[in-house]
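**Q** Hey, can you work out the whole structure from these sequences and the hints?
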Amino acid sequence: MRKFDKDRLLLGLAGPALALVVAFLLTSVVLLLSDRNPFEPYRIMVENAEFTDVQVLILNQTGTYYLAALAVAIGFRMNLFNIGVDGQYRLAAMLAAVVGASVELPGPLHVLLIVFVAMFVGAFWAGIAGILKTTRGVSEVVSTIMLNAIATSLIAWMILPANLGVQAEGSNDLTTGEIAESGWIPGLDVDGGTIYGFTFVAFALGIVYWFVLNRTRFGFDLRATGASDSAAQASGVDAKKMVLTAMLISGAVAGLTGLPLLLGQTHTYSFSFPAGIGFTGITIALLGRNSPIGIFFAALLVAFLDKASASLDQYGYEKEIATIMQGLIVISVVVSYELVRQYGLRRQQQKVGEELAAQAKKKEAVSS
Amino acid sequence: MELRGITKRFPGVVANHDIDITIRKGTVHALVGENGAGKSTLMKILYGMQKPDEGTITIDGKQVSFSSPADAIATGIGMVHQHFMLADNLTVLENVVLGGEKLYGIGARARKKIMEISDAYGLNVRPDALVEQLGVADRQRVEILKVLYRGARTLILDEPTAVLVPQEVDALFANLRELKAEGLTVIFISHKLGEVLAVADDITVIRRGTTVGTADPRTTTTKQLAELMVGTELPSPETRESTVTDVPMLSVQGLRLTATDPDGVVREVLDGIDFTIHKGEVVGIAGVEGNGQTELIEALMGLRTPDGGVISLDGADISHAPTRKRREGGIGYIPEDRHRHGLLLESPLWENRILGHVTEAPNSKRGILDPKAARKDTERIVREYDVRTPGIDVTAASLSGGNQQKLIVGREMSHNPKFLIAAHPTRGVDVGAQAQIWDQIREARREGLAVLLISADLDELIGLSDTLRVMYRGRLVADADPATITPEELGSAMTGAATGHLEHNENGEGR
Numbered sequence: 001m002r003k004f005d006k007d008r009l010l011l012g013l014a015g016p017a018l019a020l021v022v023a024f025l026l027t028s029v030v031l032l033l034s035d036r037n038p039f040e041p042y043r044i045m046v047e048n049a050e051f052t053d054v055q056v057l058i059l060n061q062t063g064t065y066y067l068a069a070l071a072v073a074i075g076f077r078m079n080l081f082n083i084g085v086d087g088q089y090r091l092a093a094m095l096a097a098v099v100g101a102s103v104e105l106p107g108p109l110h111v112l113l114i115v116f117v118a119m120f121v122g123a124f125w126a127g128i129a130g131i132l133k134t135t136r137g138v139s140e141v142v143s144t145i146m147l148n149a150i151a152t153s154l155i156a157w158m159i160l161p162a163n164l165g166v167q168a169e170g171s172n173d174l175t176t177g178e179i180a181e182s183g184w185i186p187g188l189d190v191d192g193g194t195i196y197g198f199t200f201v202a203f204a205l206g207i208v209y210w211f212v213l214n215r216t217r218f219g220f221d222l223r224a225t226g227a228s229d230s231a232a233q234a235s236g237v238d239a240k241k242m243v244l245t246a247m248l249i250s251g252a253v254a255g256l257t258g259l260p261l262l263l264g265q266t267h268t269y270s271f272s273f274p275a276g277i278g279f280t281g282i283t284i285a286l287l288g289r290n291s292p293i294g295i296f297f298a299a300l301l302v303a304f305l306d307k308a309s310a311s312l313d314q315y316g317y318e319k320e321i322a323t324i325m326q327g328l329i330v331i332s333v334v335v336s337y338e339l340v341r342q343y344g345l346r347r348q349q350q351k352v353g354e355e356l357a358a359q360a361k362k363k364e365a366v367s368s
Numbered sequence: 001m002e003l004r005g006i007t008k009r010f011p012g013v014v015a016n017h018d019i020d021i022t023i024r025k026g027t028v029h030a031l032v033g034e035n036g037a038g039k040s041t042l043m044k045i046l047y048g049m050q051k052p053d054e055g056t057i058t059i060d061g062k063q064v065s066f067s068s069p070a071d072a073i074a075t076g077i078g079m080v081h082q083h084f085m086l087a088d089n090l091t092v093l094e095n096v097v098l099g100g101e102k103l104y105g106i107g108a109r110a111r112k113k114i115m116e117i118s119d120a121y122g123l124n125v126r127p128d129a130l131v132e133q134l135g136v137a138d139r140q141r142v143e144i145l146k147v148l149y150r151g152a153r154t155l156i157l158d159e160p161t162a163v164l165v166p167q168e169v170d171a172l173f174a175n176l177r178e179l180k181a182e183g184l185t186v187i188f189i190s191h192k193l194g195e196v197l198a199v200a201d202d203i204t205v206i207r208r209g210t211t212v213g214t215a216d217p218r219t220t221t222t223k224q225l226a227e228l229m230v231g232t233e234l235p236s237p238e239t240r241e242s243t244v245t246d247v248p249m250l251s252v253q254g255l256r257l258t259a260t261d262p263d264g265v266v267r268e269v270l271d272g273i274d275f276t277i278h279k280g281e282v283v284g285i286a287g288v289e290g291n292g293q294t295e296l297i298e299a300l301m302g303l304r305t306p307d308g309g310v311i312s313l314d315g316a317d318i319s320h321a322p323t324r325k326r327r328e329g330g331i332g333y334i335p336e337d338r339h340r341h342g343l344l345l346e347s348p349l350w351e352n353r354i355l356g357h358v359t360e361a362p363n364s365k366r367g368i369l370d371p372k373a374a375r376k377d378t379e380r381i382v383r384e385y386d387v388r389t390p391g392i393d394v395t396a397a398s399l400s401g402g403n404q405q406k407l408i409v410g411r412e413m414s415h416n417p418k419f420l421i422a423a424h425p426t427r428g429v430d431v432g433a434q435a436q437i438w439d440q441i442r443e444a445r446r447e448g449l450a451v452l453l454i455s456a457d458l459d460e461l462i463g464l465s466d467t468l469r470v471m472y473r474g475r476l477v478a479d480a481d482p483a484t485i486t487p488e489e490l491g492s493a494m495t496g497a498a499t500g501h502l503e504h505n506e507n508g509e510g511r
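Chains U and B, in that order, give the protein sequences.
Mapping of the first sequence onto our numbering: residues 1 to 368, in sequence order.
Mapping of the second sequence onto our numbering: residues 1 to 511, in sequence order.
Errors might be hidden in some of the hints.
Said to hold, decoys possible - Subject to a maximum C-alpha distance of 30 Å in a straight line, what follows is the list of computed BS3-like cross-link-like pairs (lysine-lysine):
hint, chain 1, residue 1, chain 2, residue 2
1, U, K241, B, K44
2, B, K223, U, K362
3, B, K44, B, K102
4, B, K376, U, K362
5, B, K180, B, K192
6, U, K240, B, K365
7, B, K279, B, K325
It is worth saying that the hints were derived from the structure and are not from the lab.
**A** Right, dumping it as C-alpha cells:
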C-alpha cells in the first residue's frame with residue numbers, strides 16, 4: 001500500500017510546480033503591461049547561467065540561502081514563524097567576526113570558535129523571542145521583527161570605531177577587523193571561481209536536519225507539535241520547552257547563515273555585508289515545503305534568479321524583474337499549497353472510501 | 001419530498017444505490033444507519049454538495065436538481081451540521097446574519113426577524129450574547145435559527161443529540177415538535193435509536209448504501225431497529241461478572257483546581273475530588289458536560305497543574321509529574337476530542353501509532369525512532385482491532401470516526417496500561433465498533449486494568465461501570481450503584497437535583 005506515499009510525493013511536487021508556473025506567467029504579464037518582451041528576460045538569464053563564474057556565484061549563494069531557509073523551516077515545522085533570522089544571522093556574523101579577529105588559535109580551533117560564537121549569538125537572539133513567548137505569551141512574529149530592528153541598531157552602534165569596529169585607512173567602510181588566516185575555511189577551486197568550504201557544511205546540515213526531524217524522538221515531538229499543538233501536549237510534549245528549544249535551534253542555524261561568506265571570502269564583517277537573507281530564507285522555506293531537498297532546489301532557484309538577473313540591465317531590462325518574480329512566487333506558493341493540500345486530503349478520503357467499499361464487496365462476494 | 005432511485009458512484013464504487021425515501025411534509029423523518037452506510041453521501045446530495053448519477057429528487061411535486069448548497073437553500077432546505085459552524089467571538093445576531101446580510105440587513109430588521117423566529121419556535125435565543133459564552137445546547141439552537149433565518153422549510157439535522165445530555169435532548173425535541181407544528185419538515189440523522197423512536201414520525205434505515213426498510217416508531221423497539229440497521233444482533237454495554245479487586249491503582253485525594261475567567265474571577269473548577277479506582281474496576285463519572293470532567297482528565301494527564309491534592313498511581317505520587325512520565329508510567333488515554341487530542345489528522349496512521357508513546361518500544365530505541373517496527377506494529381493494531389483502512393500510509397483524516405477511535409483504542413491498549421482514562425470512548429462511533437470497544441475495555445478490566453470512564457451516553461456509563469459517581473460544578477456530589485440505577489435517575493442527579501448515595505426507587509427519584 002505504498003501507493004499512498006507515491007500519491008503524496010506527486011502532490012508534493014504539484015504544489016511548487018503550480019506555484020512556479022503561475023509566478024512565471026504573472027511575471028510575464030507584468031512584463032507585457034510594461035511593454036516589454038514577456039519571455040526575453042528568461043532567455044537572457046538562462047544564457048547568463050551558462051557562464052561558469054555565474055554558476056559558482058549561484059552555488060555559493062545557494063549555500064547561504066540554504067542555511068537561512070533551514071533556520072526558518074525548523075520553526076515552520078512546529079508552527080513557529082521565526083521572522084528574526086535576518087537579525088539573528090547579522091548579529092551572529094558580526095560578533096563571530098569580532099571574536100575571530102581578536103584571537104589567534106590553531107586552524108581548526110579558530111574556525112570552531114567562530115562557528116560556536118555564531119551559533120551561540122544566533123540562538124541567544126532567537127532565545128529572547130522564545131522566552132518572551134513561553135513566559136509572557138508574546139507572539140514570536142512580533143518579537144522577532146522587533147529584534148531585527150534592535151539588531152540593526154545594535155550592530156550599527158557596536159561597529160563604531162569607539163566600540164568594536166575598525167576603520168581601514170583611506171576607507172569609509174567600518175569593519176570588525178580581519179580574521180587571521182587560521183580562521184578561514186579553504187574553498188574548492190573550480191573553473192570559474194572558488195566554492196566556499198562552508199557551502200558543503202550547509203548542505204550536510206540538510207542531512208542532519210532530515211535525520212533529526214524524521215528519525216529522532218525529539219524530531220517527532222517537534223513535528224507533532226507543528227501538526228497539532230493540542231494532540232502533542234496530550235501525547236506528553238512539554239509545549240513550552242519545545243517552543244524554547246525550537247527557537248534556540250532555529251536561531252543557532254540562523255547564526256550560521258553569514259559564515260560561508262565570512263569564513264570563505266570577506267573574513268570581516270562590514271556595512272557591505274549582505275542583509276535581508278533571512279527574509280529570502282522565508283520564501284525559500286515556503287517554496288521548499290520545509291523539506292531538505294525541496295529547500296535545496298528552492299534555494300538554487302532563488303540564487304539563480306538573483307545572480308543571473310544581475311546583467312539584465314545591459315540588455316535594457318530592469319534586474320528588479322527577479323525581485324518581482326520572487327514576490328510572486330511567495331504569493332502563489334501560499335495559495336497553491338493550500339489548494340493542493342485540500343485537494344489531496346479530499347482525494348485520499350475518497351480513495352480510502354472506495355477501497356474499503358471494494359473490500360467489503362469482495363468479502364460479500366466470497367461469503368455469498 | 002421524494003427521493004427516487006438515487007445512485008451515486010465514485011470511480012469503481014457505488015456509495016449509494018437505489019435509495020428511495022418519501023418524506024412527508026410537516027413530519028420528523030429519521031434516517032438511521034451505521035457510519036459508512038451512506039447517510040452522509042445522501043445528505044450531501046440532498047444539500048447540493050454532490051450530484052447524484054441517477055435518480056430524482058422531487059419537492060412538492062416539482063423535480064429539482066441542485067448544483068450547490070446555495071440552490072438547496074433557495075429551495076428551502078437547510079442543514080445543521082454535527083460540528084457547529086459558528087464564530088465564537090461574534091454575537092448570536094452577528095452569527096445569524098453572517099453571509100445572509102442581504103436578507104434582512106444587519107440591524108434592527110434582522111434583530112426583529114430573529115426574535116420572531118425565536119419566539120415562534122420557542123428557541124429562546126439572546127441575540128446579543130457572545131457565542132463563546134453559550135453552552136452546546138444554545139449553540140445548536142443558534143445553528144437551527146441560522147437555517148430558519150435563511151428561509152428553510154426542511155431542516156437536516158446531522159447527529160444533533162451527540163453532544164447533549166438527556167434534559168437538553170428533551171428540550172431539542174420540544175423545539176422540533178414546534179417546528180413540525182408549524183408545518184416544517186425535519187430530517188433527523190442519529191445513532192441513538194431510543195431518541196429516534198421518541199421523536200420521529202417515520203424512520204428509514206440505510207445499510208450498505210441503500211434503503212433497507214422503513215419502520216413505524218409506534219410499533220418498533222430499539223432492538224428491532226438496531227438489528228435492521230446492523231443486520232445482526234444488538235450489542236449491549238453490560239459487564240457481567242465483577243472483577244473488582246481491593247488493590248488501589250489510582251487514588252485521588254482532595255484534588256483542587258482553579259481557573260481564571262475572562263473577567264478575572266477565580267473559579268474552582270475542581271473542588272475536593274476524592275476517589276479511588278482499584279485494579280479491575282471501572283469507575284464511571286456522570287455529569288452534564290462542562291462540570292469539571294474535562295479538567296479532571298487534564299489534571300490526571302498532567303496537562304494542568306492542580307492547586308491542591310494528591311494523585312497517586314500504583315502507590316507513586318504523580319501529582320506533579322509531567323505528562324510523558326505519566327504515560328510511560330502506565331496511563332492510557334482515550335481523549336474526549338480525538339481530533340484535537342488523540343490524532344495527527346494529516347499524518348499517516350503509523351505516525352499516529354507513535355503519538356503519545358514515542359519513548360516506548362517498539363516506536364523508538366535510545367532516542368532514535370524505529371519506523372520499521374512502528375509500522376509493523378501499526379499493521380498488527382489494524383488487524384487485531386479491525387481498523388478498516390486500505391493501508392497504514394493513509395492519513396488519519398481519511399478514516400471514519402469509528403475507525404479512528406479503534407486505532408486510538410488499539411494504540412493505548414498496546415502499551416499495557418495500568419490505568420485507562422476513557423472519555424466518551426464510543427462517541428460518534430457506529431454500533432459495530434462500539435461493541436468492539438466495549439469488549440476491549442471489559443477484556444482489559446478482567447486483566448486488572450483500572451478504568452475511569454466519562455461518558456454522556458448514560459446507558460454506556462451504567463452498563464460498563466462498577467461504580468458510578470456524579471459530577472456537578474466541579475464536585476463529586478453523589479454516587480450510585482450501576483446495578484440498580486436507571487438513566488432517568490442518573491440524568492436528574494446530573495442536574496444537581498440529588499446528592500449522597502442514590503437509591504433506586506419506584507418513583508424514579510434519587511434521595
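**Q** When you check the alpha-carbon spacing of B:K44 and B:K102, does it fall within 30 Å?
**A** Between B:K44 and B:K102 the Cα gap is close to 25 Å, so the pair holds against 30 Å.
**Q** Take a quick look at whether B:K376 and U:K362 sit within 30 Å of each other, Cα to Cα.
**A** Holds. B:K376 to U:K362 sits at ~25 Å (cutoff 30 Å).
**Q** Between U:K241 and B:K44, does the CA-CA distance stay at or below 30 Å?
**A** violated (44 Å)
**Q** With a cut-off of 30 Å on the C-alpha distance, tell me whether U:K240 and B:K365 pass.
**A** holds (25 Å)
**Q** Check whether the Cα positions of B:K279 and B:K325 lie no farther apart than 30 Å.
**A** Holds. B:K279 to B:K325 sits at ~20 Å (cutoff 30 Å).
**Q** Given the hinted pair B:K180 and B:K192, is their Cα-Cα distance within 30 Å?
**A** holds (20 Å)
**Q** Going straight from one Cα to the other, do B:K223 and U:K362 come out at no more than 30 Å?
**A** Between B:K223 and U:K362 the Cα gap is close to 29 Å, so the pair holds against 30 Å.
Of the hints listed earlier, the one the structure fails to meet is number 1.
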